[in-house]
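For chain R, the structure is supplied; the task is to place chain W on it using the hints.
Just so you know, the protein sequences line up as chains R and W, in that order.
Per my numbering, the first sequence starts with residue 152, numbered consecutively.
Per my numbering, the second sequence starts with residue 3, numbered consecutively.
No wet-lab data here; the hints were simulated from the structure.
All figures in this text were calculated on a predicted structure; none of them were measured in a lab.
For every residue, glycine included, the Cβ atom is placed at its ideal position computed from N, Cα and C.
Here's a subset of chain R near chain W, in silico, CB distances under 7 Å, partners left out:
id, residue
1, Val191
2, Ser194
3, Ala196
4, Ala199
5, Ala200
6, Asp203
7, Ala204
8, Tyr214
9, Thr216
10, Val226
Now the in silico label distances, taken between C-beta atoms and shown as ranges:
id, chain 1, residue 1, chain 2, residue 2, range
11, W, Gly90, R, Gly254, 37 to 45 Å
12, R, Arg296, W, Gly63, 38 to 46 Å
13, R, Gly254, W, Asp75, 37 to 45 Å
14, W, Gly82, R, Gly206, 21 to 29 Å
Chain residues, written in single-letter form:
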Amino acid sequence: MLAVWRVGGSEQRDSGRMAELISEDLIQDDIARFSARYEVSGSDAFLAAEMDALGSDYQANGYTTMAQAMALGRVLDLEPGQRLVDVGAGCGWPGLHLAKTFGCHVISVDVVDEGTAASRDRAIIDGIAGRSWSIQASATLLPLRPRSVDAVVHSDVMC
Amino acid sequence: MAPDERRKANKLGPTAVAVPTSYPSLLVTAGFDDAVATDVTAEYRATQQRWIDATERQRPGIVAAIGEPEYADRVLRRRGTLDAIDAGLLARFLYTARR
Chain R
152 MLAVWRVGGS
162 EQRDSGRMAE
172 LISEDLIQDD
182 IARFSARYEV
192 SGSDAFLAAE
202 MDALGSDYQA
212 NGYTTMAQAM
222 ALGRVLDLEP
232 GQRLVDVGAG
242 CGWPGLHLAK
252 TFGCHVISVD
262 VVDEGTAASR
272 DRAIIDGIAG
282 RSWSIQASAT
292 LLPLRPRSVD
302 AVVHSDVMC
Chain W
3 MAPDERRKAN
13 KLGPTAVAVP
23 TSYPSLLVTA
33 GFDDAVATDV
43 TAEYRATQQR
53 WIDATERQRP
63 GIVAAIGEPE
73 YADRVLRRRG
83 TLDAIDAGLL
93 ARFLYTARR
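Next up, chain R with everything else stripped away, as it sits in the complex:
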């Protein structure tokens, strides 16, 4: 089962422009931009803004709210023992929260090193380090065996 929060107007964009958008140079620019963002997104002011906007405090800056994250967990019917993959997890939102709330395992995947490091640290704080893994990888080359997970979330991220 997979649930995706898809944001943007890409369906209306032409394929030539999209090919340009996902060029390797741009992806590297995005990684650099997110690295810089994650370096400051844990500050008190950013976390306070995130709490007001999303209801979360996972250094997120997208659009998946707490209510939507909980809805994802219910749609995916997450249960203890299941494996959830959060593709493009950033610093762990919403995958870590879903694991904490629904008792499942979570594999947080992101291409940005600062994000996976923050996700690992947050899993310890949330008390779920024993059932949480943070992997630095691209969504196009996930280091996972076929059929090795039960659910996937993917929200507000590069593809």
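Here is chain W on its own, set in the frame of chain R:
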């Protein structure tokens, strides 16, 4: 979408989100079926407005972290995104699918 509208959507949409084709077709290619799309654009707009309000409330701390020029750019971008949502150039969907 007219070329100038497309340029505006590209500029104001999430820069880290890009796919070379439609999302439903990607799901099919990946082996998922029974995809259901739910339009959550209204929540998207509300969340963007909350981000703007919250960012302005936290202005001193955020400016201290990233500087005034970057702060101004971020607020300007979020306001532009809000305008693009209102103009129908940007939308948000929840897709659920099984395989």
